[in-house]
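Under my numbering, the very last position in the sequence shown is 457; numbers go up by exactly one each time.
Watch out, some of these pointers could steer you wrong.
[As the list claims (entries may be wrong)] Simulated restraints on C-beta separations:
no. : residue 1 : residue 2 : range
1   : 208       : 148       : 35 to 41 Å
2   : 229       : 275       : 24 to 30 Å
3   : 444       : 240       : 18 to 24 Å
4   : 442       : 271       : 44 to 50 Å
5   : 29        : 229       : 22 to 28 Å
6   : 246       : 147       : 16 to 22 Å
7   : 175       : 449       : 40 to 46 Å
8   : 240       : 5         : 44 to 50 Å
9   : 239       : 5         : 25 to 31 Å
10  : 246       : 226       : 46 to 52 Å
11  : 18        : 437       : 44 to 50 Å
12  : 307       : 27        : 16 to 22 Å
13  : 307       : 47        : 34 to 40 Å
[What the hints assert, rightly or not] Capping the alpha-carbon separation at 27 Å, the derived lysine-lysine pairs in DSS-like fashion look like this:
no. : residue 1 : residue 2
14  : 225       : 200
15  : 392       : 217
16  : 315       : 205
17  : 420       : 193
18  : 205       : 374
19  : 285       : 217
20  : 315       : 392
21  : 392       : 198
22  : 285       : 193
23  : 217       : 198
24  : 205       : 392
25  : 315       : 417
26  : 285       : 225
27  : 392       : 182
28  : 182       : 197
29  : 182       : 200
30  : 374       : 417
31  : 201       : 225
Calculated directly from the structure, the hints in this document are not laboratory data. For glycine and all other residues, C-beta sits at the position ideal for the given N, C-alpha and C.
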Amino acid sequence: MTQTDSRESKQRGRELRQQLPRSLHADWRPAADRLDPVQVITAQDAPRIQQLVPVRHARMSESAFTFYRGSAAIMAGDLASQPSSGESVQLCGDAHLSNFGIFASAERSQVFDVNDFDETLPGPWEWDVKRLAASFVVAAENSGLGTSVGRQTAETATRAYVESMSRFSGMTILDLWYEQLKLQQLQHLAPSKSERKKMKKRAAKARRNNSDRALHKLTEQLDGKLQIRSDPPLLVPSRELAHYGVDGDELREMAEGNLTQYVDTLPANIRSVLSHFRIVDIALKVVGVGSVGTRCLIVLLTGRRRGEPLFLQIKEAGESVLQPYLSAGRYRHAGRRVVEGRRMIQASGDIFLGWSGSANAGPQFYWRQFRDMKGSADVAVMDVQQLLRYAKVCGWTLAHGHARSGDPDAISGYLGKGRKFSQAMGEFGVRYARQNDADYQAFLAAIESGRIESQEL
1 MTQTDSRESK
11 QRGRELRQQL
21 PRSLHADWRP
31 AADRLDPVQV
41 ITAQDAPRIQ
51 QLVPVRHARM
61 SESAFTFYRG
71 SAAIMAGDLA
81 SQPSSGESVQ
91 LCGDAHLSNF
101 GIFASAERSQ
111 VFDVNDFDET
121 LPGPWEWDVK
131 RLAASFVVAA
141 ENSGLGTSVG
151 RQTAETATRA
161 YVESMSRFSG
171 MTILDLWYEQ
181 LKLQQLQHLA
191 PSKSERKKMK
201 KRAAKARRNN
211 SDRALHKLTE
221 QLDGKLQIRS
231 DPPLLVPSRE
241 LAHYGVDGDE
251 LREMAEGNLT
261 QYVDTLPANI
271 RSVLSHFRIV
281 DIALKVVGVG
291 SVGTRCLIVL
301 LTGRRRGEPL
311 FLQIKEAGES
321 VLQPYLSAGR
331 YRHAGRRVVE
341 GRRMIQASGD
351 IFLGWSGSAN
361 AGPQFYWRQF
371 RDMKGSADVA
381 VMDVQQLLRY
391 AKVCGWTLAH
401 GHARSGDPDA
411 ISGYLGKGRK
421 FSQAMGEFGV
431 RYARQNDADY
441 QAFLAAIESG
451 RIESQEL
């Protein structure tokens, strides 16, 4: 992009303010034809493993925040009903504050980035920002910090997004692409020695979160044979899946058949690495909140030479919750959509990331390494200052993903210095938190009435 192109993009962004004033983003009113939120959730339940659907409902019912985490489909419809900037980026699609975290880069350093891409699609950049802003309000209220702190953190995350986007718009394409947020940089931001010590301790814990630790926690020896242990309904080995209406042998055959397709999506050097491993066992694993009931498997492989463990996760990829409102574009395969969206947004990715399954029929999956130095912040125990610092980091990270995949000049031109837009996001976050409360109460009432089933664990 030439300097002239950059100036033109900035000007285009400024002109967009006339069509969509930044203060207008504060507005939230449910559309007259807004769908029943419980109906949206039960529609998502239909293709899932039915024995696990009550577990999903139980996890969503724990608090207004867990409900928010599991109700991305509801908010997608709400965002689609609002005026749009029309400026497209690769959206995370579910950019709430718990979908950021640390994990291992290909170079084995720990980095901080967005870590969930099940709903990724190209779309208006502000959809992710609104999802993030509202999540800070809901989370702050849920942890007892109150609405005013929620508004403050929503505005802080937005200001960090605005300032970072302005900085990224001044960078060369390659500098922007290579930019990443390493954990050491976050530790330097800590305001005190004790805070830095806590961060280093959490980082060390995440670093131990790897295949060796998973082997210790998730497997056992039976008659001299290594196998994944049973912890139903959260972890069910293929040998016990009949209790859940799933043919374990058929599932194992499916996974082994998909392995060949998956390997074909990997670079030659990673295919070579995997050729030294063999599948030992497979299990169904319940993960997250919104994903509960989808076909999510962990696969235990061991090295052919020394028996070292490698855990891979196979996760079913369905239609993005954004897809009814946005074009699926070039993505005919849902697993490929997740993988390519992740590669577009993340600064450093998983070397084992790939996909499998037919684009024309049957389930589609994406594969990744399981728990590779992965860690996340426990926002429920953060004090005000910790949450504010976390908001800044999330805002930077989201802006970086959007700048990599969109036009940072146009977005920065629209945002300007960011005061109006940040205030608008604070107000939107508070208003949408009230909508989330109402939807959550409707969900609890549906459980109480027996309209939907919930299973406590």
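Which numbered hints does this structure break? Failing hints, ascending: 3, 5, 6, 7, 8, 9, 10, 11, 12, 14, 15, 17, 20, 22, 25, 30 and 31.
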